[in-house]
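Undergrad: Residue 62 in our numbering sits at position 56 of the sequence shown, with consecutive numbering throughout.
Be a bit skeptical, because a hint or two may be false.
[Stated by the list, open to error] Estimated spans, in silico, between C-beta atoms of each pair:
id, residue 1, residue 2, range
1, R94, P37, 19 to 25 Å
2, E62, Y142, 31 to 37 Å
3, A156, D64, 33 to 39 Å
4, G79, S8, 32 to 38 Å
No lab work stands behind these hints: they were computed from the structure.
Backbone N, C-alpha and C define an ideal beta-carbon position, used for all residues, glycine too.
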Amino acid sequence: MSLIHRPIAEKDIQIICGFPQSEDELFFLFPKAAFPLEQSQLQDAIAQRSDSTVVELDGEVVAFANFYRWAVGGICSIGNVIVSPTARRHGVGSYLIERMIDLAFSKYQAAEITVSCFNQNLAGLLLYPKLGFQPYAVEERKDRKGNRVALIHMRLARSIANG
Numbered sequence: 007m008s009l010i011h012r013p014i015a016e017k018d019i020q021i022i023c024g025f026p027q028s029e030d031e032l033f034f035l036f037p038k039a040a041f042p043l044e045q046s047q048l049q050d051a052i053a054q055r056s057d058s059t060v061v062e063l064d065g066e067v068v069a070f071a072n073f074y075r076w077a078v079g080g081i082c083s084i085g086n087v088i089v090s091p092t093a094r095r096h097g098v099g100s101y102l103i104e105r106m107i108d109l110a111f112s113k114y115q116a117a118e119i120t121v122s123c124f125n126q127n128l129a130g131l132l133l134y135p136k137l138g139f140q141p142y143a144v145e146e147r148k149d150r151k152g153n154r155v156a157l158i159h160m161r162l163a164r165s166i167a168n169g
């Protein structure tokens, strides 16, 4: 299994739009988007964000993430995280988040990295703490059907990551 990461290319957008398999999965990735994910919705998000990154597994795009907040010496926030259904539970998510952590610390000298995860996203809730993220706040939100959900905010301080 050969994993590499690189900046997103135009040809990747249609592939990534096929990753969310349900309205719920799309909500985890991109709460404001309508299912199914349209290329224009993803392009708009990418245009407003920084460092959109894909992971390739044996030459095939299998994961995507970016920063929705980035500040030199400040906080970088990872968002739009998704792994292809065919590549889940194979370490691709860990690889992607580790690369985003590396990027935040090397390019932005971030003091802290944050990520937020909805309470129904079990894969994310189990992944982020394994990579050193600790919950620090819970925010009430509404899902697309108007139901109450919890958005769990987690952070990784540079001092902890390097410690």
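Undergrad: Against each hint, give a clear statement of whether it holds in the structure.
TA: Taking the hints in turn, this is what the structure says about them:
Remark: the range hint 19 to 25 Å for R94 to P37 is upheld by a beta-carbon distance near 20 Å. Checked against the given bound of 31 to 37 Å, the beta carbons of E62 and Y142, roughly 33 Å apart, stay inside it. Distance hint for A156 and D64: a CB-CB separation of about 37 Å, consistent with the stated range 33 to 39 Å. Restraint check, G79 to S8: a C-beta distance of roughly 34 Å satisfies the suggested window 32 to 38 Å.
Checked against the numbered hints given earlier, this structure breaks none of them.
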